[in-house]
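Asks: Protein sequence lines, in the order shown, are assigned to chains A and B.
Take the first sequence: its letters are residues 1 to 429, numbered as in the numbering used here.
Take the second sequence: its letters are residues 1 to 460, numbered as in the numbering used here.
Honestly, I wouldn't trust all of these hints.
If you want the footprint, here are the derived chain A segments under chain B, 3+ residues with CB under 8 Å [unchecked claim]:
#1 66 to 78
#2 103 to 111
#3 116 to 130
So these bits of chain B aren't anywhere near chain A, every CB distance computed over 12 Å [stated by the list, open to error]:
#4 V5
#5 R29
#6 F128
#7 V161
#8 T180
#9 T207
#10 S328
#11 E383
#12 N400
#13 A430
Computed from the model, here is a short list of chain A residues facing chain B with C-beta under 10 Å [as the list claims (entries may be wrong)]:
#14 L222
#15 G229
#16 S401
Simulated from the structure, these hints should not be mistaken for laboratory data.
All C-beta atoms in this analysis are idealised placements derived from N, C-alpha and C, irrespective of residue type, glycine included.
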Amino acid sequence: MDEARTASDSRATEQEHIRALRRARMEAGLARRYAVDRLFRLAGLSAVVFSALVLAFLLVSMTANGVSGFKRSELRMTVPIRGAMQIDAQRLGQPDPAGGLELAGLPHVIDSAADRAFGKGGARLLADDAWREVADTLIADPSLLNNATLDVSLPASDKLAAAQRGDGDPDLRTIATRLERAGKLVRAFDFGFLTRSDATSPQSVGIWGALKGSILTMLVTLVLAFPVGVLAALYLEEYAPRNRWTDLIEISINNLAAVPSIIFGLLGLAVFLGLFPNYRSAPLIGGMTLALMTMPVIVISGRNAIKGVPPSIRDAALAVGASPVQVVFHHVLPLALPGILTGTIIGMARALGETAPLLMIGMRAFVATPPGDLTSPSSVLPVQIFLWSDEIDRGFVERTSAAIVVLLAFLLLMNGLAIYLRNRFEKRW
Amino acid sequence: MPSAVLLLLAFGLGLVGWLAARGRAWAFRRTAPRGRIDSLPGFHAWYVALWIAVPALLFALAWNTISPALVTHQVLADPAATVLPPTGFERDTMLAEAYAVADGRAYGVFNAEAQGLVEPFRAALLKFQSIGLAITVLIAFAGGAFAFLRLRPDFTARTRVERAVMAVLLLASLVAILTTIGIIISLIFETIRFFGMVSPTDFLFGTHWSPDPMSTSAPDGSKYGALPLFWGTIYIGAVIAMVVAIPLGLLSAIYLTQYASPRVRQLMKPLLEILAGIPTVVYGYFAALTVAPAVRDAAQAIGIANASTESAVAAGLVMGIMIVPFVSSMADDSIAAVPQAMGDGSLAMGATRAETIRLVLIPAALPGIVAGVMLAISRAIGETMIVVMAAGATANLTLNPFQSMTTVTFQIVAMLTGEGSFDHPATLSAFALGMVLFLVTLALNFIALRVVKRYREAYE
């Protein structure tokens with residue numbers, strides 16, 4: 001009996017032992033499984049954080065560079081005015097006032113003033129077209145011609161600007177340090193960057209020309225893509241019969257939305273430039289090309305917005321005797337419009353940042369004057385960024401980043417507007 | 001600006017017709033028996049306005065297309081035209097110059113002989129512009145009168161106007177098909193011209209790419225081997241970029257859908273979407289300015305001697321980052337499409353979240369994820385600015401990611417922004433490359449859409 005008991009006892013302990021072992025194994029397994037789970041979670045989190053960090057790094061490095069791109073090296077000096085030039089205040093009201101000032105000897109007056117202010121060779125420290133800024137000041141306010149002198153801040157030459165940054169010619173660097181100590185050479189905020197156009201020297205470039213080109217191009221894109229996109233969406237969602245034709249239309253719209261943008265550039269080059277060979281690099285052609293690219297985006301988002309309008313609205317309108325066209329234009333379209341607008345803004349934002357198709361239709365030319373109308377040659381902001389990025393000069397690197405900051409600001413503005421519209425008008429039925 | 005004048009004229013007359021017809025229809029309301037008219041006055045108004053504006057606009061369009069030829073024809077009949085050389089390029093340039101001056105598009109002529117032609121041009125322009133104006137007005141009045149006389153209390157203006165509206169809607173939806181056809185035709189024409197000079201086998205399977213847009217000798221097929229470009233495109237877009245984008249995108253989607261609290265999700269999702277909204281030229285600049293030098297230094301530090309500043313890996317990395325939000329939102333959608341019950345069942349059985357995701361959700365969502373990845377690849381191989389700015393120009397058939405590589409899109413840009421003439425094989429090769437790119441992305445998109453469609457049906 002004792003034996004039996006011991007046997008059963010030992011069996012019990014054995015079983016207990018096994019159970020304990022099992023539990024230990026299970027707990028170890030559980031711990032391992034939870035560890036894997038935590039690891040997985042950590043991996044996911046780090047993926048998100050990594051992407052966010054890259055974004056932050058990109059934005060910060062662009063802004064950091066861009067902030068100095070909004071500044072330029074300027075020389076402070078005093079220019080004699082009264083008696084220095086033979087020019088009448090009235091001449092400034094006539095056509096080509098800058099030419100009149102040039103003939104009257106303004107560039108020479110400024111050069112000798114620079115020589116006096118900065119020592120021998122001082123004129124060469126100024127940018128070549130620095131006199132134009134004085135001319136602009138005088139043209140804006142002709143009464144200044146009666147002043148004895150004028151205090152001005154003029155752009156330094158590219159070489160001096162490079163020297164101030166610490167690279168380039170050692171002799172110039174000592175001059176730059178000397179002038180900086182004397183307070184005559186400063187890095188000043190350059191409002192002109194927003195109002196001038198492309199130029200060959202980073203000291204005198206601006207983005208207004210490219211910005212205006214972008215605005216005109218976007219205008220053409222909007223005028224063409226928005227009505228066509230909305231009407232196509234209305235047709236497909238409200239009236240189209242289910243047949244092979246509508247299937248074909250639908251497939252081609254979905255496909256166009258995924259066709260690489262450069263292919264649209266090839267289309268614009270072959271078709272639009274073939275039709276209008278004189279309008280190379282004009283906002284009109286660029287806008288038409290981008291409109292074809294944006295239209296599918298508007299159609300797709302428009303269809304979603306129209307789909308969101310509940311059928312009861314249509315039924316109610318039909319029930320009181322409205323025709324199908326009246327139902328859509330009086331009831332469905334107004335209700336779907338905020339959604340369509342959101343999609344349109346997003347499509348336009350994409351078009352605003354697009355570069356490759358515009359390169360194809362020749363918008364990479366050097367354009368030093370802002371475009372006057374839709375058919376004059378112009379550049380656009382992203383292409384301007386691309387062109388400047390090819391320049392080796394360190395000054396252009398900063399200017400490129402500054403232009404990028406402007407472009408990103410515009411995009412954020414547009415996306416912000418889209419989000420605002422979505423939140424403001426979002427409706428749950 | 002005669003075209004703007006014609007446009008304004010057509011719309012102005014249309015407005016007049018609109019107002020007149022509306023007044024007339026209101027009058028019906030008072031005089032008609034029992035005061036009932038078939039359509040609202042607005043529809044009568046639109047009916048007349050359409051009959052005025054549409055024919056006038058169509059005529060104005062046609063006139064703008066043919067009138068320059070008529071003007072030139074009249075000038076050539078003028079005695080002043082005898083100074084022109086009989087044929088050739090110079091004659092055309094001089095004509096174009098004189099035309100531009102007469103039109104007000106230019107201020108002076110380059111060739112002195114063309115100066116004498118300016119006055120005849122001006123006279124001819126004036127004559128044909130007046131003719132065009134007169135006919136437009138005539139057509140507008142004819143259309144307006146025709147429509148106006150048809151107005152009656154029982155006239156079904158609404159049906160007719162609505163028919164016109166439907167026609168406009170149909171035309172708008174046809175634009176997409178026209179664009180697709182336009183793309184295909186413009187690519188095919190130039191591609192056929194290119195293949196007339198270089199054989200398709202040389203192009204598709206040759207391994208040496210060095211076209212010279214300046215050469216005037218007969219095109220040499222052995223210089224147009226596009227295989228290194230295809231390899232570069234696939235290596236950068238489908239290999240390196242995807243190595244970055246797929247894990248980052250998938251893990252982000254999993255974290256945001258399964259683990260993150262609603263607040264974190266609300267914050268991080270738009271943040272990732274900003275990545276997709278940044279213009280590619282900015283990414284290209286970032287790649288060229290920051291990433292590429294860093295990659296080169298890192299490669300040199302680990303002992304790769306021939307690392308180049310323009311490298312496949314720099315372009316691919318940045319492109320991968322650009323694609324992340326795309327992959328993540330596609331994965332997000334397809335994980336969300338898996339029925340809640342499947343995930344809940346797995347959790348109720350005691351599986352951890354990681355196991356549920358790995359063994360239940362991902363397999364169930366796999367078709368959607370695969371389709372998303374294919375769309376991402378199609379996007380990456382069509383991407384232009386990043387590779388233009390960071391990948392380099394040398395056609396390299398190599399596995400070394402630290403070397404410079406070139407892609408299809410880079411070569412399209414390079415061939416079409418150079419100085420080459422439009423019928424040079426180097427220029428035309430860009431269209432052949434575009435054709436290949438178009439077909440490949442088309443196939444990828446098509447397959448992806450098919451997979452998504454079939455998959456969606458499985459759970460509904």
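Asks: May I ask you to test the interface hint for S401 of chain A with respect to chain B, counting a Cβ-Cβ separation under 10 Å as satisfied?
Replies: At about 8 Å, which falls below the 10 Å cut-off, the nearest Cβ of chain B leaves the hint on S401 of chain A intact, so it holds.
Asks: When you look at the beta carbon of V161 of chain B, is every beta carbon of chain A farther off than 12 Å?
Replies: Violated, since 8 Å does not exceed 12 Å.
Asks: If you count the residues of the region 103 to 111 of chain A with a beta-carbon closer than 8 Å to a beta-carbon of chain B, do you get 3 or more?
Replies: violated (count 0)
Asks: Quick check: the region 66 to 78 of chain A, covered by chain B? Criterion 3+ residues, Cβ under 8 Å.
Replies: With 0 residues closer than 8 Å to chain B, the region 66 to 78 of chain A misses the three-residue bar; violated.
Asks: R29 of chain B: least C-beta distance to chain A exceeds 12 Å?
Replies: holds, 18 Å
Asks: Tell me if the interface restraint on L222 of chain A is satisfied: Cβ within less than 10 Å of some Cβ in chain B.
Replies: At about 15 Å, which exceeds the 10 Å cut-off, the nearest Cβ of chain B leaves the hint on L222 of chain A violated.
Asks: Could you let me know if the closest chain A CB is still more than 12 Å away from the CB of V5 of chain B?
Replies: holds, 15 Å
Asks: Are all C-beta atoms of chain A more than 12 Å from that of S328 of chain B?
Replies: Since the minimum Cβ distance to chain A is about 8 Å, S328 of chain B lies within 12 Å and the statement is violated.
Asks: Is the nearest Cβ of chain A still more than 12 Å from the Cβ of E383 of chain B?
Replies: violated, 7 Å
Asks: Does the no-contact call for A430 of chain B survive, Cβ to all of chain A over 12 Å?
Replies: Its Cβ does come within 12 Å of chain A, the nearest being 7 Å, so this is violated.
Asks: Run the C-beta distances from N400 of chain B to all of chain A and say if the shortest one exceeds 12 Å.
Replies: holds, 25 Å
Asks: Does the region 116 to 130 of chain A contain three or more residues whose Cβ lies closer than 8 Å to a Cβ of chain B?
Replies: violated (count 0)
When held up to the earlier numbered hints, the structure conflicts with 1, 2, 3, 7, 8, 10, 11, 13, 14 and fits the remainder.
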